[in-house]
Amino acid sequence: MQLSFLDGLIIGLYLLCTLVIGIWVSRRSGANMRDYFLGGKRIPWWALGVSNASGMFDIAGTMWLVSMMFVYGVKSAWLPWIWPVFNQIFLMMYLSAWLRRSNAMTGAEWLASRFGEGKGTQLSHAIIVIFALISAIGFIAYAFKGIGKFAEVFLPWDWSPNTYALAIFVLTTAYVVKGGMISVVVTEIIQFVLMTIAAIAVGLIALSLVTPSMIENAVPEGWLSLGFAWELDLDWTGLIDSVNEKIDADGFSLFGLFFMMMLFKGILASMAGPVPGYDMQRILACKDAKDAAKMSGVVSLVMLIPRYMMVVGLAVMALVFMGPEIQASNKSFDFEQVLPYAISHFIPVGLVGLLIAGLLAAFMSTFAATVNAAPAYFVNDIYRRYLKPNENERHYVKLSYVVSLILVMTGVGFGWVLDSINDIMQWVFAALFGGYAAANVLKWHWWRFNGYGYFGGMTSGLVASLALPILFPALHPLYAFPYLLLAGALGSILGSILTPADDIRVLSKFYETVRPWGVWGPIKAHVQAQNPAFVASAPSRDLFNVAIGIVWQTSLVLIAMYLILQAYLPLALSVLTCALTSYILKRTWYDKLEA
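Numbering (our numbering), first residue to last: 1091 to 1685.
Mixed in with the good hints there might be a few duds.
Stated by the list, open to error - For lysine to aspartate or glutamate, the following EDC-like pairs were computed, each having C-alpha atoms within a straight-line distance of at most 20 angstroms:
no. : residue 1 : residue 2
1   : Lys1384   : Asp1593
2   : Lys1421   : Asp1331
3   : Lys1421   : Glu1483
4   : Lys1421   : Asp1378
5   : Lys1599   : Glu1684
6   : Lys1478   : Glu1199
7   : Lys1421   : Asp1340
8   : Lys1478   : Glu1207
9   : Lys1384   : Asp1681
10  : Lys1377   : Glu1684
11  : Lys1380   : Glu1207
12  : Lys1599   : Glu1207
13  : Lys1614   : Glu1602
14  : Lys1377   : Glu1199
15  : Lys1421   : Glu1311
Claimed, not checked - Okay, the calculated beta carbon distance ranges per label pair:
no. : residue 1 : residue 2 : range
16  : Ile1290   : Val1260   : 25 to 35 angstroms
17  : His1535   : Leu1683   : 16 to 26 angstroms
18  : Ser1343   : Pro1563   : 14 to 24 angstroms
19  : Lys1682   : Ser1343   : 25 to 35 angstroms
20  : Asn1307   : Lys1377   : 48 to 58 angstroms
21  : Ser1434   : Val1665   : 45 to 55 angstroms
22  : Ser1672   : Ala1319   : 24 to 34 angstroms
23  : Asp1325   : Met1304   : 11 to 21 angstroms
24  : Asn1621   : Val1665   : 40 to 50 angstroms
25  : Asp1323   : Pro1414   : 37 to 47 angstroms
Don't read these hints as lab results, they were simulated from the structure.
In this text the structure is predicted, and so the values were computed from the model without any measurement.
Idealized CB from N, CA, C, for every residue including glycine.
Based on the sequences and whatever the hints tell you, model everything.
Structure representation (structure tokens):
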């Protein structure tokens, strides 16, 4: 596609402004490690929430969502549960508050508040740092592949996708590495505003160009239905035959089984809490536990409707206007290219530049958040703790620059040799995080779980996750989750019961401060003996709010979907569901938040 002068000017001005603002703000960011990584814990909760939402509004994920909407229709509303998207609801209802009460800088530092300072904690520190760095490399590779595929369609030079991605990475790394947390948050808020304007505009264009009858003629029976049976039963024969091959390749034909596995894996992964990355970093950067909970609630509220207006708008325009062309070509089509092709065909001059700038902003937000969060785990939890504990703060910040650059270069290397966004996404979200689940559920809910158990569970889960694509390349990562969970659970339980329990003083302080629920009987009795006024938490209200919250979050997705599809009865029902669940959560969650 040949960009117009106006579109190129908009994109160029956006990139220049982002770079200038990021570097200008960075002057406030490098005084010490807490300022660099957490913004001194003085950034408002709403700003952190918008920043977090911006980091999740990533270009590779958006390309994947558009391709899923194109293929699976309204049923694609369920597919982000593979991440799982509803982990934000678990955080919103109770886990963000639990995590923030620790007052740590990183997830690895949090371990000391849970397990004390013994050998088991040292081993746990090491394995959580390794996990954080590996997952960061996976995210960087994921972003690299997405931005390269996107840029190839729009930018005017005859470069490969990898070359485009490399050039954009160089630009983004400049302000991210120098700026720290404050720079990332400020630029992400600007980027989020830009993305939201562009996303809503795309949705409105789709509303003006596409009618319900045009959509019905372009899709198979069942595409417009949210419900599903054991088998997917979407037959694209005669419309776009190659979509049937895509469904078979994805492994989603037995949709009922796929849904059950997503739900099973999603609940356990969500109960484990956030993985060490930008989501956790923003929780720890909040002023207190109440702000941390509100910050997590903002993410779904501000992100889902505009993002899905764009996703559905681009998908339906591609279906109606490009579907016959794809069918007539009788060639294999890369469905991850639906988003850039739809933009190049249906978005007017001027808005193309704004939308491309917005999607570049989405990429830069995700990339910035990942690169800013990951180095803290090595610098703060390994280098500072064990190697050079007495250096000045500027020394540690400068080392963070070096670690960031090494991570970026490693992620670029993996992204360069991989072919598909979907392949990376499936491995990161299904396999890698599957190995993370067992140990991190137990750390909240079982008093006898100790540092050795955490090390054993994380190590066995991580090894199983890394071995999976080598030993069983044909096995879908989601269907491998039970085996990954079993590996992590065995390592966790054996590591705990074969070693002594942690110091009861450490466990009692953690339990009294964080107030988790679960199997904490002996520790609860000890705390109440020392402090008769202590009131333990119960799971009933938290789990009720989680269930209501998942319905609320799903209704936000469906409001955007049905609006663009012009399905007004389901839209009205979705709005009513959203209003009712919002009222319930106001009474049972928001009004009962504690600082």
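Verification of the hints:
Simply put, Lys1384 and Asp1593 have alpha-carbon atoms about 33 angstroms apart, too far for the 20 angstroms limit, and the pair is violated. About 10 angstroms separates the Cα atoms of Lys1421 and Asp1331, which keeps this hinted pair within 20 angstroms; it holds. Pair hint Lys1421 plus Glu1483 does not hold up; C-alpha atoms about 58 angstroms apart against a cutoff of 20 angstroms. Using a Cα cut-off of 20 angstroms, the hinted pair Lys1421 and Asp1378 is violated, with the two alpha carbons roughly 55 angstroms apart.
The straight-line distance between the Cα atoms of Lys1599 and Glu1684 is roughly 19 angstroms, inside the 20 angstroms bound, and the hint therefore holds. At most 20 angstroms may separate the alpha-carbon atoms for a hinted pair to count; Lys1478 and Glu1199 meet this at roughly 16 angstroms. With a CA separation close to 18 angstroms, the supplied pair Lys1421 and Asp1340 stays within the 20 angstroms bound. For the suggested pair Lys1478 and Glu1207, the alpha carbons sit about 18 angstroms apart, so the restraint of at most 20 angstroms is met.
With a CA separation close to 11 angstroms, the supplied pair Lys1384 and Asp1681 stays within the 20 angstroms bound. For a cut-off of 20 angstroms, the pair hint linking Lys1377 to Glu1684 stands: about 13 angstroms separates their Cα positions. As the CA atoms of Lys1380 and Glu1207 are separated by approximately 28 angstroms, the hinted pair breaks the 20 angstroms bound. Between Lys1599 and Glu1207, the direct Cα distance comes to roughly 14 angstroms. Compliance with the 20 angstroms bound is thereby established for this hinted pair.
Of the pairs offered as hints, the one joining Lys1614 and Glu1602 holds, with about 8 angstroms between alpha carbons and a cut-off of 20 angstroms not exceeded. Between the alpha carbons of Lys1377 and Glu1199 the distance comes to roughly 18 angstroms, so the proposed pair stays at or under 20 angstroms and holds. The suggested pairing of Lys1421 with Glu1311 is violated, with an alpha-carbon distance near 24 angstroms, which exceeds 20 angstroms. For Ile1290 paired with Val1260, a C-beta distance near 31 angstroms keeps the hint of 25 to 35 angstroms intact.
At roughly 22 angstroms, the beta-carbon separation of His1535 and Leu1683 lies within the given 16 to 26 angstroms, and the hint holds. Between Ser1343 and Pro1563, the C-beta spacing of about 19 angstroms keeps the proposed range 14 to 24 angstroms intact. A hinted range of 25 to 35 angstroms is violated for the C-beta pair Lys1682 and Ser1343, which are about 44 angstroms apart. As the Cβ distance of Asn1307 to Lys1377 is approximately 54 angstroms, the hint placing it in 48 to 58 angstroms holds.
Restraint check, Ser1434 to Val1665: a C-beta distance of roughly 33 angstroms breaks the suggested window 45 to 55 angstroms. Checking the proposed 24 to 34 angstroms range against Ser1672 and Ala1319 shows it holds: the Cβ atoms sit about 31 angstroms from each other. Hint check: Asp1325 to Met1304, Cβ distance near 20 angstroms, so the stated range 11 to 21 angstroms holds. At roughly 47 angstroms, the beta-carbon separation of Asn1621 and Val1665 lies within the given 40 to 50 angstroms, and the hint holds.
The beta-carbon spacing between Asp1323 and Pro1414, approximately 23 angstroms, falls outside the hinted interval of 37 to 47 angstroms.
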